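Chains as they are written, first to last, in our numbering: chain A, 5 to 383; chain B, -16 to 331; chain C, 16 to 390.
Bear in mind the hints are in silico, worked out from the structure with no lab data behind them. It should be emphasised that the depicted structure is a prediction, and the values quoted were computed from it without experimental measurement. Even for Gly, the Cβ is constructed at its ideal location relative to N, Cα and C. A couple of the hints might just be wrong.
Using 27 Å as the maximum straight-line C-alpha spacing, the simulated DSSO-like pairs for lysine-lysine come out as follows [to be verified]:
no., chain 1, residue 1, chain 2, residue 2
1, B, Lys0, B, Lys263
2, C, Lys110, C, Lys42
3, C, Lys210, B, Lys303
4, C, Lys63, B, Lys263
5, B, Lys269, C, Lys63
6, C, Lys91, A, Lys35
7, A, Lys36, C, Lys91
8, C, Lys53, A, Lys36
9, B, Lys327, C, Lys327
10, B, Lys263, C, Lys327
11, B, Lys92, B, Lys130
12, A, Lys36, C, Lys94
13, C, Lys327, B, Lys313
14, C, Lys366, C, Lys42
15, B, Lys0, B, Lys303
16, C, Lys327, B, Lys269
17, B, Lys269, C, Lys305
18, B, Lys263, C, Lys305
19, B, Lys269, C, Lys42
Listed next, the stretches of chain B that the computed footprint assigns to chain C, with coverage defined by at least 3 CB atoms under 8 Å from CB atoms of chain C [stated by the list, open to error]:
no., stretch
20, 22 to 34
21, 195 to 203
22, 216 to 223
23, 246 to 256
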Amino acid sequence: MAVATAPSSVSLVKKKELGQSYWDLVWYRFKKNRLGVLGAVLLFVLYFSFVVIPEFLAPYALENRSRYVEAPPTPIQFLDEEGRFQAPFVYGLERRVDQVKRLRTWVPDTTKKYPVALFAQGDEYMLLGLIPMNVHLFGLQTSDKDARIFLLGADALGRDYLSRILYGGRLSLMIGLLGQFLTLALGVTLGVISGYYGGPVDMFVQRFTEFLAAFPNIPLFMALSAAIPAFWSPITVYFMLTIILAFLGWGGLARQVRGLVLSLREREYALAAKSFGASDRRIMFRHLLPGTMSHVIVIATLSIPGMILAETALSWLGLGLRPPLTSWGTLLQDAATVRAIRFTPWLLWVVPPILLTILTYNMLGDGLRDALDPYSGRG
Amino acid sequence: MAQTTNGKTDNILLDVKGLKKYFPIQKGLLRRTVGYVKAVDDVSLYVREGETLGLVGESGCGKTTASRCIIRLYEPTAGQVLFKSKALSANGQPKMVNLLELTREEMTKVREEIAMIFQDPINSLNPRMTVADIIAEPMVIHGKYEKGKSEELIIQLLERVGLRPDHLRRYPHEFSGGQRQRIGIARALALNPRLVLCDEPVSALDVSIQAQTLNLLQDLQEEFNLSYLFVAHDLSVVQHISDRVAVMYVGKVAEMASAEELYANPLHPYTEALLSAVPKPDPLYKSERIIMQGDVADPSNPPSGCYFHPRCRYAVDLCKQKAPEFRELKPDHWVACHRAEELKLQGI
Amino acid sequence: MSTIPATQLTTAPQDTRRTLIEVRDLKVEFNIRGGVVKAVDGLTLDIKCGQTVGIIGESGCGKSVTARAILRMVPKPGKITGGQILYYRVPRQKKLAGSNEVEVIELTKLDPDGEVIRQIRGGEIAMIFQEPMSSLTPVYTAGTHIHEAVSLHRLLPLKTVGDQMVERITQYRKVTREEAREIAVQMLRRVGIPKPEQRVDSYPHQLSGGQRQRVMIAIALSTEPDMLIADEPTTALDVSIEAQILDIMRELQQTANMAIMFITHNLGVIASMADEIVVMYMGKQVERAKVVDLFYNPKHPYTKALLQSVPKLGPKTGQRLASIEGMVPDPLHLPTGCVFHPRCPAFIAGKCDRHVPNWVQVGDNHWVRCLLYEE
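The task is simple: from the sequences and hints, build the whole structure.
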């Protein structure tokens, strides 16, 4: 075929677009969405720091207790008493009892100065569960075993709250991913089957999702978590919780996938595959499923925050994860008393990372939604 | 019932007899069947080896449904689809089999011999697959894909339909409508079929591309000794490409004859009216135009007797009462009209 | 009893063949990612009252954009970047008063959302589209659709009895609900819908495709427009219904002396409808001629090829179709020189790929854009 193109007029844009697959186009469009890219970058940073290297970022180990019960955040000092500029350091803490408020408080002990250093040695840990290390991003350079730096204060057992938020993020962020993965597997499979076969199969799946949707969530949750034996280890409970969340969440996804499959099924390419003798399974999973993927990815991205929030909410209610497991939900549980808000408000520092995570997921999801339909903008 | 006489049976490739497809209309929570859409209601036709049978009719007349029933994309309600299959015969001699009685495995084998080309060049190619994958798909399904050898075959096919080998790794959205239809044609030929069901293959294409595609289909027919069942609504296209033509109206075949015969001497009033309604690309062409009144009958609630009688200008009482039989009035000229003998109808 | 005259406007004295629309060197461009698409590039034509101008061309040649440009309805990234569209308008009020004073409006200068263009759009220039299902709002009945158009654009005279006991029209008022319904029934009857009194209350989904397109025509014509733009009005319809619709359009045109701009890719339809035909290719007007000249004496190689590439009904010749080689070029990267040269059978190397052909007259009202006809 003589395709009419004057070689000189073929611009770079066109050349780049030639031979691009669907995903190349998606990437091209996604890159142009600043908020989406920002969301993706932030999310990557979040996951990297909270899931992969929290041990390194946190100055202390999770269960590193101290005598500084409910110590407020320690400010990092740059000026000594005479106002001279110095390398950053923190003062030691001294216990006082406030006679007016009848409270135990901690005040800086200016006689003790501990220099703050980057890559300081501290508690032993295994990076990625493999490499034994004792270097932390920052810490105090001192031989005094009692010295502590609490950037975000300490909790009721004298543990560094910043470290706990960092460690807690791992469970909270992972439960979203893991739960969503299970939801996807369940929802997509059942949705495709339901949409493709129709008839009684469809009827059954749809009524079942309606049943799940109609069931009040909290009581169901209470029942399910009550059914978890008390002697199970916290980690088993954690997995059960993910499964429960996934089990409750697949219905909506299955419905949407079913709707998509119902329309894709009538596309001629599905008929074409059938006319060549493709099996039902092949038509469903090779021809129809990829067509729903763009949609599914968006739904999944936008509903992971829901999962994270659900974990947080349930743990906060005491139905989800239990101490000694640390997640943002269990941390929130500690912060959720009037007393905590009145006297240890720094325990609310767990809220910003939750908000940030939700926000970045939504930014990414919106970006993906616009990008995953690359044909929409084409004539 | 269509049964060919006068010794022509030997080279018949596809013989459809009394094919019916009723889609149930379901209502209410319990999906009670309250009626049927008689999309295909007693269709009989045959295709000889190496020839093209054009199947024309207005939208909703059941021509697409009929073609899909033949390859069992829809399960027909009744009837017989006889096909001379090589794949199912033990001794290499083709034998007539009724496709509707085959098991799933047998049917899959027959699908190697019958391919389809679809109307919509955008929807009929999977947007997430490359051209190479799309053309290879039938081979993969039938376990005939071999690395290297099959790839060569795909390149040959691609070149045969007028595309370049460097198109292999591209995706359908990068092609124009005409090129996409060529990809669809290459896919249909991948398994070396003997019968190709073409479902409106050119109606979505521009005039100049339409001509290219029709020429390509004709060349391929000669080269690979293909038989076509060519479903279309455009009478001029059908006349151009077909050896014989069948005209459908509301689920039934109204008339079937060789292309010359049907266009010159139509025996059914519907064919006559249809021919006269086609706009001729000639501003000086003047003839009496027969305007059919009203709309095409509703296949869920067809009129009594002959379905065409409310729009027919020759209708008599008999037409309202009794459905006409599809009979061979002249050799190889079939018609379903009570008054076919007495009417002097006008052709083109 | 109907109190509304079927057509009021024909009573006014009219110059039956005056020019209604004059398009001068119209350019419409779409600024999209990757470049600028010249959807319409230098289109010149005029449309007279009571005349049908056909525009033919393949998809993407700019025929629909032209129609939309006249109504200032070019879709989003598109812009009119050059040329003029002049509309010789007899304002409604004056026309009803019997005056025939023509005012010239430059449509290209109007605010596309302004008061004037909205009066013209639908009222004086109506449009019907290809897809009759999606151009009707599914929740309104046929009658409501017509009522909407009528109440926006049609005025009825208020009659007073003067001192000489002669009826005088002093003012105009908008139609009432009852009158609009009556007009709707009348219009549906005129476009040949059976039982219009009942059909006026039907919703779009209760009508067949042909009936929907009739309703569209009824809506378009209910305001008694001076011009009708029909954008592929029968492409989605079956031949038997197509024949009915074309008949109705021809008949209504004769009674109302309306100009029609008929856009299609179907050569058969255009042959039976148009008085004059414009052939477009890649946004450019390649040939313009009277219908008989165009079909019997085409000049441009593209027109010739187009005419030969359609299969014709009639005695079977058994010949292959003459086809135009190659594909329609990418609108972002048009070939140099004459845009048709890579596919042209009469291509002259060194000439067609270098020089852009001009719009030259080759006969009585026969224009062509091809280097073969230039000195």
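Do the hints match the structure? See the list:
A distance of roughly 35 Å separates the Cα atoms of lysine 0 (chain B) and lysine 263 (chain B); the hinted pair therefore is violated under the 27 Å criterion. Of the pairs offered as hints, the one joining lysine 110 (chain C) and lysine 42 (chain C) is violated, with about 32 Å between alpha carbons and a cut-off of 27 Å exceeded. For the suggested pair lysine 210 (chain C) and lysine 303 (chain B), the alpha carbons sit about 22 Å apart, so the restraint of at most 27 Å is met. In summary, the hint linking lysine 63 (chain C) to lysine 263 (chain B) is supported, as the alpha carbons are separated by about 25 Å, within the 27 Å threshold.
Straight-line distance between C-alpha atoms of lysine 269 (chain B) and lysine 63 (chain C) comes to about 25 Å, which keeps the hinted pair within the 27 Å bound. Between lysine 91 (chain C) and lysine 35 (chain A), the direct Cα distance comes to roughly 23 Å. Compliance with the 27 Å bound is thereby established for this hinted pair. Using a Cα cut-off of 27 Å, the hinted pair lysine 36 (chain A) and lysine 91 (chain C) holds, with the two alpha carbons roughly 20 Å apart. Annotation: proposed proximity of lysine 53 (chain C) to lysine 36 (chain A) holds, straight-line Cα distance about 25 Å (limit 27 Å).
At roughly 24 Å between alpha-carbon atoms, lysine 327 (chain B) and lysine 327 (chain C) fall within 27 Å of each other, so this suggested pair holds. Using a Cα cut-off of 27 Å, the hinted pair lysine 263 (chain B) and lysine 327 (chain C) holds, with the two alpha carbons roughly 7 Å apart. For the hint linking lysine 92 (chain B) to lysine 130 (chain B), the alpha-carbon distance of about 22 Å falls within 27 Å, and the restraint holds. At roughly 24 Å between alpha-carbon atoms, lysine 36 (chain A) and lysine 94 (chain C) fall within 27 Å of each other, so this suggested pair holds.
Distance hint between lysine 327 (chain C) and lysine 313 (chain B) is fulfilled; the C-alpha atoms sit about 26 Å from each other, no more than 27 Å. This hinted pair checks out: lysine 366 (chain C) and lysine 42 (chain C) have alpha carbons roughly 25 Å apart, not beyond 27 Å. The hinted pair formed by lysine 0 (chain B) and lysine 303 (chain B) meets the criterion: a straight-line CA distance of about 25 Å does not exceed 27 Å. Of the supplied pair hints, the one linking lysine 327 (chain C) and lysine 269 (chain B) holds, its CA atoms being roughly 15 Å apart against a limit of 27 Å.
Distance hint between lysine 269 (chain B) and lysine 305 (chain C) is fulfilled; the C-alpha atoms sit about 17 Å from each other, no more than 27 Å. Simply put, lysine 263 (chain B) and lysine 305 (chain C) have alpha-carbon atoms about 17 Å apart, close enough for the 27 Å limit, and the pair holds. The hinted pair formed by lysine 269 (chain B) and lysine 42 (chain C) fails the criterion: a straight-line CA distance of about 38 Å is larger than 27 Å. With 0 residues bearing a CB less than 8 Å from a CB of chain C, the stretch 22 to 34 of chain B misses the requirement of three and the coverage assertion fails.
For the stretch 195 to 203 of chain B, the assignment as covered by chain C holds, since 4 residues bring a beta-carbon within under 8 Å of that chain's beta-carbons and 3 suffice. Proximity of the stretch 216 to 223 of chain B to chain C, defined as three or more residues with a beta carbon under 8 Å from a beta carbon of that chain, is established by the 6 residues found. Using a Cβ-Cβ cut-off of 8 Å, 3 residues of the stretch 246 to 256 of chain B lie near chain C, which meets the minimum of three, so the contact claim holds.
The structure shown violates the earlier hints numbered 1, 2, 19, 20.
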